[in-house]
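Asks: Required output: the full structure, derived from the provided sequences and hints.
2 protein chains.
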Amino acid sequence: MSDFANTPSPPYYAVIFTSEQTGNDQGYADMATQIRKLAKQQEGFLGMESARDKLGITVSYWKDLASIKKWKLNTEHLIAQHKGQTAWYKQYKTRICLVERDYEFK
Amino acid sequence: MSDFANTPSPPYYAVIFTSEQTGNDQGYADMATQIRKLAKQQEGFLGMESARDKLGITVSYWKDLASIKKWKLNTEHLIAQHKGQTAWYKQYKTRICLVERDYEFK
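Those protein sequences? They're chains A and B, same order as listed. When you line the first sequence up against my numbering, it's residues 1 to 106, in that order. When you line the second sequence up against my numbering, it's residues 1 to 106, in that order.
Keep in mind that a hint or two might mislead.
What the hints assert, rightly or not - Derived lysine-lysine pairs resembling DSBU-like cross-links, with alpha carbons at most 30 Å apart:
(1) B/K106 / A/K40
(2) A/K90 / A/K72
(3) A/K106 / B/K106
(4) A/K106 / B/K72
(5) B/K69 / A/K83
(6) B/K40 / A/K37
(7) B/K70 / A/K106
(8) B/K72 / B/K106
(9) B/K54 / A/K106
(10) A/K93 / B/K63
(11) B/K37 / A/K54
(12) A/K83 / B/K106
(13) B/K93 / A/K63
(14) B/K83 / B/K106
(15) A/K90 / B/K83
(16) A/K90 / B/K72
(17) B/K69 / A/K106
(18) A/K72 / B/K54
(19) A/K40 / B/K70
(20) B/K93 / A/K106
(21) B/K37 / A/K93
(22) B/K40 / A/K69
(23) B/K69 / B/K54
To be clear, the hints were calculated from the coordinates, so they are not data collected in a lab.
Replies: Written as structure tokens, this is what we have:
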């Protein structure tokens with residue numbers, strides 16, 4: 001996940017997921033790959049950007065709130081969320097946002 | 001910048017700044033430190049979260065659009081933006097977002 005998300009003109013939605021890992025990363029990389037692959041297949045998915053050093057920040061972009069809600073309740077995603085809470089993440093915060101404007105420099 | 005932002009209950013605003021660096025980082029660290037310090041002093045500033053590996057993602061949180069606009073036009077910030085475009089950043093994208101909901105795990 002090293003590319004810029006090629007999002008459409010606003011409005012659209014962003015989910016900002018900020019996390020701190022426990023240090024136990026057993027199974028994490030495989031699950032992360034699988035979950036990203038699955039997210040991309042969801043209706044309303046527009047893109048994803050991710051970076052990690054001490055904190056991890058992953059921003060996924062979505063067409064609307066309905067798409068985000070559906071993805072949150074996706075069975076495989078729920079399994080990953082549970083594993084995240086019991087093993088990988090010490091702390092995380094999720095913010096659901098309406099992107100009102102964007103601009104870029106290239 | 002390794003801590004979670006201690007933001008209030010929504011609604012508030014987020015500015016998602018996604019960047020790719022050129023590899024020329026002369027003067028970057030000092031300017032980044034200075035700009036973060038300055039941002040924290042602005043009216044309406046609520047917090048900031050940052051991570052970088054290949055991509056850099058910095059999310060700053062603000063009380064309202066007026067605070068964001070004022071910060072965007074701050075003189076020292078404008079100088080940093082210009083230096084960013086001419087030296088440090090190959091590409092960046094900025095998204096202005098209304099945070100509608102948030103939840104956390106600790």
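Asks: Hint by hint, say whether it matches the structure.
Replies: Here is how each hint holds up against the structure:
| no. | hint | result |
| --- | --- | --- |
| 1 | B/K106 / A/K40 | holds (27 Å) |
| 2 | A/K90 / A/K72 | holds (20 Å) |
| 3 | A/K106 / B/K106 | violated (38 Å) |
| 4 | A/K106 / B/K72 | holds (18 Å) |
| 5 | B/K69 / A/K83 | violated (40 Å) |
| 6 | B/K40 / A/K37 | violated (37 Å) |
| 7 | B/K70 / A/K106 | holds (24 Å) |
| 8 | B/K72 / B/K106 | violated (33 Å) |
| 9 | B/K54 / A/K106 | holds (16 Å) |
| 10 | A/K93 / B/K63 | holds (18 Å) |
| 11 | B/K37 / A/K54 | holds (19 Å) |
| 12 | A/K83 / B/K106 | holds (14 Å) |
| 13 | B/K93 / A/K63 | holds (18 Å) |
| 14 | B/K83 / B/K106 | violated (38 Å) |
| 15 | A/K90 / B/K83 | violated (37 Å) |
| 16 | A/K90 / B/K72 | violated (34 Å) |
| 17 | B/K69 / A/K106 | holds (22 Å) |
| 18 | A/K72 / B/K54 | holds (27 Å) |
| 19 | A/K40 / B/K70 | violated (36 Å) |
| 20 | B/K93 / A/K106 | holds (9 Å) |
| 21 | B/K37 / A/K93 | holds (23 Å) |
| 22 | B/K40 / A/K69 | violated (33 Å) |
| 23 | B/K69 / B/K54 | holds (28 Å) |
Going down the numbered hints, you'll see the structure goes against 3, 5, 6, 8, 14, 15, 16, 19, 22, while the others check out.
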